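J.: Let the hints inform the model, and build the full structure from the sequences given.
Chains as they are written, first to last, in this note's numbering: chain A, 1 to 284; chain B, 1 to 116.
Keep in mind that the hints were calculated from the coordinates and are not lab data.
Each hint should be verified, as a subset may be incorrect.
Straight-line distance between alpha carbons at most 20 Å, and here's what the computed SDA-like set of lysine to any residue pairs gives [as the list claims (entries may be wrong)]:
{"hint": "1", "chain 1": "B", "residue 1": "K70", "chain 2": "B", "residue 2": "E33"}
{"hint": "2", "chain 1": "B", "residue 1": "K70", "chain 2": "B", "residue 2": "V97"}
{"hint": "3", "chain 1": "A", "residue 1": "K140", "chain 2": "A", "residue 2": "R87"}
{"hint": "4", "chain 1": "B", "residue 1": "K109", "chain 2": "A", "residue 2": "D72"}
{"hint": "5", "chain 1": "B", "residue 1": "K112", "chain 2": "A", "residue 2": "M74"}
{"hint": "6", "chain 1": "B", "residue 1": "K112", "chain 2": "A", "residue 2": "G73"}
{"hint": "7", "chain 1": "B", "residue 1": "K112", "chain 2": "A", "residue 2": "I69"}
{"hint": "8", "chain 1": "B", "residue 1": "K109", "chain 2": "A", "residue 2": "G73"}
{"hint": "9", "chain 1": "B", "residue 1": "K66", "chain 2": "B", "residue 2": "D44"}
{"hint": "10", "chain 1": "B", "residue 1": "K109", "chain 2": "A", "residue 2": "L70"}
A quick note: this is a predicted structure, and the numbers were derived from the prediction, not measured.
Residues per chain, in single letters:
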Amino acid sequence: MSMAGTTPHSGTSHGSLESRFAALEVAYKQAVADIADMRARDGLKTQFLANISHDLRTPLTAVITHAEILRDGMLGPLNERQLESIRGIIAGGRQLLDQVGEILTYARGAANQLTLTPSSFSIAEVVSQVTRLNESLISKKRLGLDVHVAADLPPLFADREKVAHILGNLFGNAIDFTPAGGRVWINANSTTRDGSRGGGTRGEDLLVEVGDTGIGISAEHHRFIFEEFAQVDASASRQHHGTGLGLTIAQKLVELHGGRIWVESELGRGSRFYFTIPYPEDTQ
Amino acid sequence: MLIVEDNELVTGALRILFEETGRRVTVAHSVAEAVVAGEKDPPDLLLLDLTLPDGSGLDVAQSLAKRGVKPKATVALTGRDDPASIEECHEAGVTAVMVKPVPTRELLKRTKEWLS
Numbered sequence: 001m002s003m004a005g006t007t008p009h010s011g012t013s014h015g016s017l018e019s020r021f022a023a024l025e026v027a028y029k030q031a032v033a034d035i036a037d038m039r040a041r042d043g044l045k046t047q048f049l050a051n052i053s054h055d056l057r058t059p060l061t062a063v064i065t066h067a068e069i070l071r072d073g074m075l076g077p078l079n080e081r082q083l084e085s086i087r088g089i090i091a092g093g094r095q096l097l098d099q100v101g102e103i104l105t106y107a108r109g110a111a112n113q114l115t116l117t118p119s120s121f122s123i124a125e126v127v128s129q130v131t132r133l134n135e136s137l138i139s140k141k142r143l144g145l146d147v148h149v150a151a152d153l154p155p156l157f158a159d160r161e162k163v164a165h166i167l168g169n170l171f172g173n174a175i176d177f178t179p180a181g182g183r184v185w186i187n188a189n190s191t192t193r194d195g196s197r198g199g200g201t202r203g204e205d206l207l208v209e210v211g212d213t214g215i216g217i218s219a220e221h222h223r224f225i226f227e228e229f230a231q232v233d234a235s236a237s238r239q240h241h242g243t244g245l246g247l248t249i250a251q252k253l254v255e256l257h258g259g260r261i262w263v264e265s266e267l268g269r270g271s272r273f274y275f276t277i278p279y280p281e282d283t284q
Numbered sequence: 001m002l003i004v005e006d007n008e009l010v011t012g013a014l015r016i017l018f019e020e021t022g023r024r025v026t027v028a029h030s031v032a033e034a035v036v037a038g039e040k041d042p043p044d045l046l047l048l049d050l051t052l053p054d055g056s057g058l059d060v061a062q063s064l065a066k067r068g069v070k071p072k073a074t075v076a077l078t079g080r081d082d083p084a085s086i087e088e089c090h091e092a093g094v095t096a097v098m099v100k101p102v103p104t105r106e107l108l109k110r111t112k113e114w115l116s
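T.: Have a look at this one:
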């Protein structure tokens, strides 16, 4: 806005300024009211997501339980083809359940309702649990897998289930976005807060790297991949499905632990995701 | 055993599961129904959903205990896995908290343990 050519005592300009201020004030009040209204609606939507996710679990329980009863031959023997079909229902049901669980975790995170239940555990156990869960996918895609967990890592004091969730989401993405015949890996080390390696003493963090030789992410996309519902290719014909919440949830869970998460990646040159979880102050 | 759960799809599945493994099953869909059924035919195992139309499943255990009905095991079978809900169940003195859907093999194995 230029004030050139106006004088402070000019009656017309003064009046014009006053009316402009009045108009601005009205617009400002309206904007404040609109923001409050949008926040309230956003809160309602988040609550709706949490409620619907919870309610979806109930009918899924019925579907999976009925299918398991049939699978286990409790209502009579099944032939191999019938068994294969029933197993498909169970696998589909469990996959849906996982996705509903992701939405529920996201909704709780968005509403700041996530809490930590910390315990002492070894990251090696969590790495092994996550790789075991993904074994069949890795072998189906003929991916090479390298796992390296430093031998001298002290136990973590964190929420075990949530750390497994973070690692599971990153590792799941690595597998999903790497073409057949590629390579995925998990490395776990200690790091001091300035980034150099250490032995897990006071003030140090656990550093986990999840890497792959997959399709990669161009630099311009790095800044929004942790945002909710973001997939670099969001078109209906996209090859990679999912809720689009995996990285948002991973980031939320890492930050809940006081850690950091980031990505190093180039298009066509694979991706390396890193996250840190602080060791407890009195470690060692 | 007494299964207290308001969703008929779930009680239908659980009834088949337990009846096929030789258990005698009664089903109730509300706190009020469960208290009447439990008093009439005291169960060895009480399986409780937490969210019922007229209250919490934990109220069923409390009301039955007041009437002198004390099952061998009281198990919360719930869709809520947040720490506060699980803590609430433990404070109410339940034998175990299982988050739905529990794999049927695990549920049958645990049932055997609770009733042994």
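J.: Mind checking the alpha carbons of K109 of chain B and D72 of chain A for me, to see if they're no more than 20 Å apart?
T.: holds, 14 Å
J.: Taking only the CA atoms, is the gap from K112 of chain B to I69 of chain A under or equal to 20 Å?
T.: holds, 17 Å
J.: What's the verdict on K112 of chain B and G73 of chain A, does the C-alpha distance respect the 20 Å limit or exceed it?
T.: The hint holds at about 19 Å.
J.: Check whether the Cα positions of K112 of chain B and M74 of chain A lie no farther apart than 20 Å.
T.: Holds. K112 of chain B to M74 of chain A sits at ~17 Å (cutoff 20 Å).
J.: Given the hint that K66 of chain B pairs with D44 of chain B, test it: the Cα-Cα distance must not exceed 20 Å.
T.: Given pair K66 of chain B, D44 of chain B holds - Cα atoms ~16 Å apart, limit 20 Å.
J.: Is K70 of chain B within 20 Å of V97 of chain B, Cα to Cα?
T.: holds, 17 Å
J.: Run the distance test for K140 of chain A versus R87 of chain A: straight-line Cα separation, threshold 20 Å.
T.: holds, 17 Å
J.: Need the status of pair K70 of chain B, E33 of chain B: alpha-carbon distance at most 20 Å?
T.: Status holds; Cα separation ~17 Å.
J.: Between K109 of chain B and L70 of chain A, does the CA-CA distance stay at or below 20 Å?
T.: OK: K109 of chain B and L70 of chain A at ~17 Å, within 20 Å.
J.: Are the Cα positions of K109 of chain B and G73 of chain A separated by 20 Å at most?
T.: It holds: about 16 Å lies between the C-alpha atoms, which stays within 20 Å.
Hint compliance for this structure: no hint is broken.
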